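Colleague: Next come the chains, spelled out residue by residue.
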Amino acid sequence: MPAVRNAHLTIMPGETVAIVGESGSGKSTTALAAIGLLPGNGAVSGGSIIFDGEDITHASEKRIVELRGSSIGMVPQDPMSNLNPVWKIGFQVKETLKANGLPCSPKDVAQVLSEAGLPDAEARANQYPHEFSGGMRQRALIAIGLSCRPRLLIADEPTSALDVTVQRQILDHLDRMTDELGTAVLLITHDLGLAAERAHKVVVMYKGQVVESGPALEILTNPQHPYTRKLVESAPSLASRRIETAKSLGLDGTTELLAANPDGGRTESIIEVKHLSKVFNLRGALGKSTDFTAVDDVSFSIPRGTTTAVVGESGSGKSTVARMVLGLEKATKGDILFNGTDITKLNRREMFDFRRRVQPIFQDPYGSLDPMYNIYRTIEEPLRVHGIGNAKSREQKVRELLDQVSLPASMMRRYPNELSGGQRQRVAIARALALDPEVVICDEAVSALDVLVQAQILSLLADLQSELGLSYLFITHDLAVVRQIADEVCVMQKGRIVETGSTDDVFDNPQMEYTRALLAAIPGAGLMLPPEVA
Amino acid sequence: MPENDKALTPVPRGKVSSYPIEHFVADVEETPVLPVDASTADGAPRSIWSEAWRSLRRQPLFIISALLLLMVIIVALFPGLFTSQQPNDNCLLANSDGGPAPGHPLGFTQQGCDVLARVVYGTRSSLMVGLFATLGVVVVGGIVGALAGFFGGWVDAILARVSDIFFALPMILGAIVVVQLPFFRENRNVWTIVLILATFGWPQVARITRGAVLEIRNADFVTAARSLGVSRMAALIKHVLPNAMAPVIVIATISLGTFIVAESTLSFLGIGLPPDVMSWGNDIFSAKSSLRSNPMALFWPALALSLTVLSFIMLGDALRDALDPKSRKR
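Going down the list, the sequences are from chains D and Y.
Residues 1 to 534 (the working numbering) make up the first sequence, in order.
Residues 1001 to 1330 (the working numbering) make up the second sequence, in order.
Each hint should be verified, as a subset may be incorrect.
[To be verified] Heads up, simulated DSSO-like pairs for lysine-lysine below, C-alpha to C-alpha not over 27 angstroms straight-line:
{"no.": "1", "chain 1": "D", "residue 1": "Lys98", "chain 2": "D", "residue 2": "Lys88"}
{"no.": "2", "chain 1": "D", "residue 1": "Lys107", "chain 2": "D", "residue 2": "Lys88"}
{"no.": "3", "chain 1": "Y", "residue 1": "Lys1238", "chain 2": "D", "residue 2": "Lys392"}
{"no.": "4", "chain 1": "D", "residue 1": "Lys98", "chain 2": "D", "residue 2": "Lys62"}
{"no.": "5", "chain 1": "Y", "residue 1": "Lys1288", "chain 2": "D", "residue 2": "Lys397"}
{"no.": "6", "chain 1": "D", "residue 1": "Lys330", "chain 2": "Y", "residue 2": "Lys1238"}
{"no.": "7", "chain 1": "D", "residue 1": "Lys494", "chain 2": "D", "residue 2": "Lys330"}
{"no.": "8", "chain 1": "D", "residue 1": "Lys207", "chain 2": "D", "residue 2": "Lys274"}
[As the list claims (entries may be wrong)] Quick list of simulated restraints, FRET-style, between CB atoms:
{"no.": "9", "chain 1": "D", "residue 1": "Ala409", "chain 2": "Y", "residue 2": "Pro1170", "range": "53 to 61 angstroms"}
{"no.": "10", "chain 1": "Y", "residue 1": "Ile1249", "chain 2": "D", "residue 2": "Arg413", "range": "21 to 29 angstroms"}
{"no.": "11", "chain 1": "D", "residue 1": "Ser314", "chain 2": "Y", "residue 2": "Leu1070", "range": "50 to 58 angstroms"}
Worth flagging that the hints you see were computed from the coordinates, not collected in a lab.
All of these numbers come straight from a predicted model, not from anything done at the bench.
Using N, Cα and C, we set each Cβ at its ideal position, and we do this for glycine too.
Generate the whole structure from the sequences, applying the supplied hints.
Modeller: Encoded structure:
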């Protein structure tokens, strides 16, 4: 299986080049080939890799090892698994220095770490990876990657596991360091906005081939290849408007539905969350326990037929809010009013009925469908559980649902393992809609998907909202997505809501420092694009 | 070379290189843009099990072990098809330790019984002990493990400690002790042996099940089912258990072999099945006294035992490969 064909790219000294592509496009393979780290079952079958005038395509293992570290450095993707947990950070830096014949006294090690922006480097060097946060680990990895002053640094998705604000800090720092050292950088990313912001040159890969390459800004403003054009259109960080079809249609659709809904009680808000708190009891050693407040006095409401987004970084408590609204987690304090009824005080029977009306969609399209159930059984399950209809009418309903999420009815007998990520997410949406819910809670529902698929799912959600008058609670870490889909935004930080408002207000006129930082950290936020597009 | 970077505009405006960068566009024909998430509707649907079956069908390890086991099962069900001799009747001491003779291809035991007939008729009890002990172990261990893994908390704490205690007792040693109890001494038959083996065998299955259930109980599809209104118990039975079955099946297949060995060991020690029940262990036991003069009387039941156990273990290995979730992903 050729993973990459005919890829051609040049990196000039001191230049940053970004390879952009979706998962499976061959972007990592290309980079790994350059430093001879292809997995055992892979080999360069054609073409050449020339480093500093030297053909290293078929260089001996010895020569490649010589080059690695000293001339070509690497910052790997996952900071959680790329540091050896049993060795101190300092030791791991020292190892690199030693392997490349550089002085490796504790002072040198501290020097390297502090260059990467780790405060108090000497003490930090004596800590183990688990004592570091994700961002600090990534800094340590950057320190290791740059410790030997390589002429080329390969950074494979260096920040995709990190929160946006941390991502920005790390990338800023990487920029500064490589500028100072004159290091060339090969940046691999799935985020076109990030690539355009950080690189001189952008290389777009698709299905193992380079489809377009050129100056970063030109690629964005003047994409030529149809794939690049689609990518530019779909990149959430670049699109700055709400998904159009939904907005215009949506408003009419919703009003009609509201009018048609007799008991739709003219309640403004379908869900109202009041002073909600959740305290987790963390069990410590010897019966000692500490309280951890995951959600602290959170209040917001979801007006019927609209989308409210809860945005926050990891650990902000946003998912806990979602679980409480779903009734999967008991609230410690506060009320959740659904159509005016407090769901925290429902009995079993009432809870069972409530479940019909609020349904979730989860992040991981690979984990949210039971691999043992075929698509028909998956979508039919909610109907069966709630005893709706007979076998025949249920099959009819499943067909309708599949049609609503634009999947062919022939998919019914397939199993989740035969479906792509986007298709699975569609099935998950169909299952969520089976009981005709009024509210759908999307917990990072598009975060795991490739950009183009993400755009499709978002517009599907928007269309469904306008058709069915659904209300969404959209939990996400991605502000760019929020702008595309949400009417109202709540920004959460450390369990508290720090800012709420309509999407336009929050984006155009953020009040809080934290919100501003989040907005500024959207990759490509400050980029170009003439105002009429943006 | 570094001077070009000094000319950089501030980051938010994007970077401009001082090197000329050519704008390259690939031939559209060469890499046509395919529709995103195009659906494939051709071909028959494939469940996890049918995928596993497809990969199993092509594994020599599986084919060999399955054929051997099929053979063993047929022998156990219809021993009369494979020998015309009776294993216990017409044993003539005149034939004691005799070599192969017409109608007796494998020779005679010390008691002058036909070796082939004894091996053939011994299959049933050996296999029964293995099958029923495994069944018992899977039921008990499966239930304990599933409850411990799914509900966690104090349920887990109690069940895990209990199974740890049983786990710490070596199966054979425990069996030797229990067999000495009056009840078991007086009622030695296939069922008591099964009971004893299952008593000491279930913690292993419980551990495996608990691990598998723990991994699956937090999966999104379980949460999704719960938020559909599926009760905890129903979610455990309908979603968690079917997904946790694969490792349990593998361990059950492998331990089936070890139970057969355990029965033989007990019989060999003279405390397993009573001597009048034909089993491979009993045959090996009685052949050991004439090992020097007639090793073949020991060789044949031992070979039957080894082949059967080997095929169960090979089958387990093949199943493990086929059901491995990592190889299953697309």
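Colleague: Which earlier hints turn out false for this structure, listed by number in ascending order?
Modeller: Of the numbered hints given earlier, those the structure breaks are 5, 8, listed in rising order.
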